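Can you build the whole structure from these sequences, using the hints too?
For the record, the sequence lines run as chains H and A.
The first sequence maps to residues 0 to 432 in numbering that gives the first Met the number 0.
The second sequence maps to residues 0 to 432 in numbering that gives the first Met the number 0.
Just so you know, these hints were derived from the structure itself, not from any lab.
The hints are all genuine.
Note: identical chains are not told apart, hence a pair may lie in one copy or across any two.
Cross-link-like lysine-lysine pairs, in silico, DSBU-like; alpha carbons within 35 angstroms at most:
#	residue 1	residue 2
1	238	303
2	344	26
3	287	272
4	383	303
5	342	26
6	161	342
7	383	92
8	92	420
9	420	342
10	44	67
11	426	383
12	426	344
All of these numbers come straight from a predicted model, not from anything done at the bench.
Protein chains: 2
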Amino acid sequence: MRMDELARCVKEASIKLAGAGAEQKNKALARIAGSLENRKEEIIKANREDLRRSEKEDLAPPLLKRLKFDEVKIAEVVDGIYSLIALEDPVGKTLLSTEMDEGLELYRVTCPIGVIGVIFESRPDALVQISTLCLKSGNGVLLKGGSEARETNRVLAEVIIKAAGEAGIPSNWAALLETRSDVDEMLKMDESIDLIIPRGSNDFVRYIMSNSRIPVLGHADGVCHCYVDEDADPGMAVKIAVDSKTQYVAVCNALETLLVHEKTAPDFLPELKKAMDEKQVELIGCPKTRSIIPAAPASEEDWKTEYLDYKLSVKVVSSLDEAIEHINRYGSGHTDSIVTRDKEKATRFMAYVDAGNVFWNCSTRFSDGFRYGFGAEVGISTAKIHARGPVGLEGLVIYKYKLIGNGHLVGDYADRSRSFKHNQLNKDFWLQS
Amino acid sequence: MRMDELARCVKEASIKLAGAGAEQKNKALARIAGSLENRKEEIIKANREDLRRSEKEDLAPPLLKRLKFDEVKIAEVVDGIYSLIALEDPVGKTLLSTEMDEGLELYRVTCPIGVIGVIFESRPDALVQISTLCLKSGNGVLLKGGSEARETNRVLAEVIIKAAGEAGIPSNWAALLETRSDVDEMLKMDESIDLIIPRGSNDFVRYIMSNSRIPVLGHADGVCHCYVDEDADPGMAVKIAVDSKTQYVAVCNALETLLVHEKTAPDFLPELKKAMDEKQVELIGCPKTRSIIPAAPASEEDWKTEYLDYKLSVKVVSSLDEAIEHINRYGSGHTDSIVTRDKEKATRFMAYVDAGNVFWNCSTRFSDGFRYGFGAEVGISTAKIHARGPVGLEGLVIYKYKLIGNGHLVGDYADRSRSFKHNQLNKDFWLQS
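Written as structure tokens, this is what we have:
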């Protein structure tokens, strides 16, 4: 089947799926979890084939590691599906209800977005995670994986689509795009794909964001900051910096640049250096930093760099406002924190730093859907519309307005024989399918 | 100043504006309203110059009509500004509050999007409306008007920016792009513009949507449907069809295609024809329609056409599902209604029709921000993310997460020495700037 035909089939099925109830979707998710467990030998065998071929083709070791999909990984994705089942259905929630006039009631009700395009590099767990998130939220999904994982992806997609079908989900709600079709072709399908979720390296995500008109949910970079104010508790600041930087270095919410007020720097920086030395973090500093502690010299490029490594750039600033300006200039709008005892400064920082997550006196590593208590994480978004920061299931839904009348005509309001009341009803949409 | 430099200035000012309080923004709006009134002679004079030049240059009469900005129009936009002042500030609303752990509180708080790009054809009132909506919601705005209105736009922008500045709003929050720069240049500025709002003809909006990676808030077409079910009250259905079609034909929420169940068609269509004849609406029908009433033959193209005129295409369908399929295939996702006495069918229609507004037993003409009671309308969106249907001020805001701790570290949760509570707090973000 041609790619655009396949996409149209998914679109048609997605409209049917939009009407599926919570119970049916959860039943399908449980069946998917069961099938993944029952057919794990088959999945692991396909994955071994991918690993063998990719090794021969000299795939880079970090990619080989991500490609691996063994019993542990299967158990993890199955656990993820059971957590997803436990979550409230994001579809059909009434967000607003207004009595426009007697017998004329308006409801804003959540509904699926439509068709989600998922593009992922080697990791096959991304296929399972995102397709089940789409199912829970009633969206159709077009899956495009990397060629290195083609056998694994083929089995996983088959298992998921078959299991969902057995629970009565329209069979075309999901489709795997085989690797010969180009990613670029998918990026042009703005007629049939409503949202793209990319999973992969920063370069990969950046490429997708720059080459499609379809909205993208995700982030290319996480250049996160911690600003240590002159009124900071220095002990707390050191601990927060160490946790933010080293608790897990390879992730988007890890600290990359520390800013410190010039009045605090002489006392604070030696303490920071000592703590970072213990964790073997290399420091890269501005000239003022280097006049206080030993550090490699920072270039302009360093302020924009997401190291994802045991490296930290450090800059001395002369004021809170300079810190805010630096963050808004070099940051990626992901997560930025301030350490201070001064409530007014914290308020100012949180108001003026233009990021999805702005923190006071805590680690940048907290910015995560599960830590926030969302139960599921669709991704972390640095976009400025639709969804920002860690995105839960609600990022996969939009709403429609449902208006119920009894022969109401606009002409009657235009000629003033009737007038609007606009009373808030605070009640749920009352029609059940 | 170069366009990208200008955009950067607006972006910087927009960050300052994000921290402005409701009182200050309302004061600025009141000053703008006052200045527009005080300087109306100057505005009208500039507009006359534009009209004179455009007439000489043979601008089409409908565009000339839209270009006109006289005392009546000024009074209208001034009224609009006073309504805007009366609305609640959309910024700083707490959408979610969670106690993640003792002393670790998470808040989701609304904030401005950043910089809005406004592109409008001849109508100068669009400049005033959208720039004041942006100010109320704390967004910077880049204004790009048509060359035919250049003198009017120049005066209006000057009046607005000066008046806002007198109320302490950062002077670069708004900028008028002069006409020599190309619209295409603006469409490429995805680094500095977060959202584009186009105001103009369908072709104009379609061009903008197809030529920018920046998200667009708006709609290109309004191909709205009314489906008259076999269980419809025929008298009600005729009245709803007439109101939907003729109450104002030149607007996006006017009816373009009527679908009627085959069992109802023989009795209903002659009644419809009689009523539409009275309003001088030309009927264009499918073969079945034409076997019952006289009508011009409909082509495939007719089902996709937004006439914006005294024309209505009519199709006989054999079932509710055929009606839903037709609407999802040919509709534009704007507004579609069903007339029926059957609650289950209405529910099915409203669940499966993929449109921003789905109506039961009332006129399509109700889909409008003011009629919905939003107090202001930013536009009507047929997008599937961020904002859909009539968009009020809340379409110009997004949110950020504010997390307040007291030295909290992720390491303590990773090693299980602490655990998350995730209690809903239901309280407003408590820091005030």
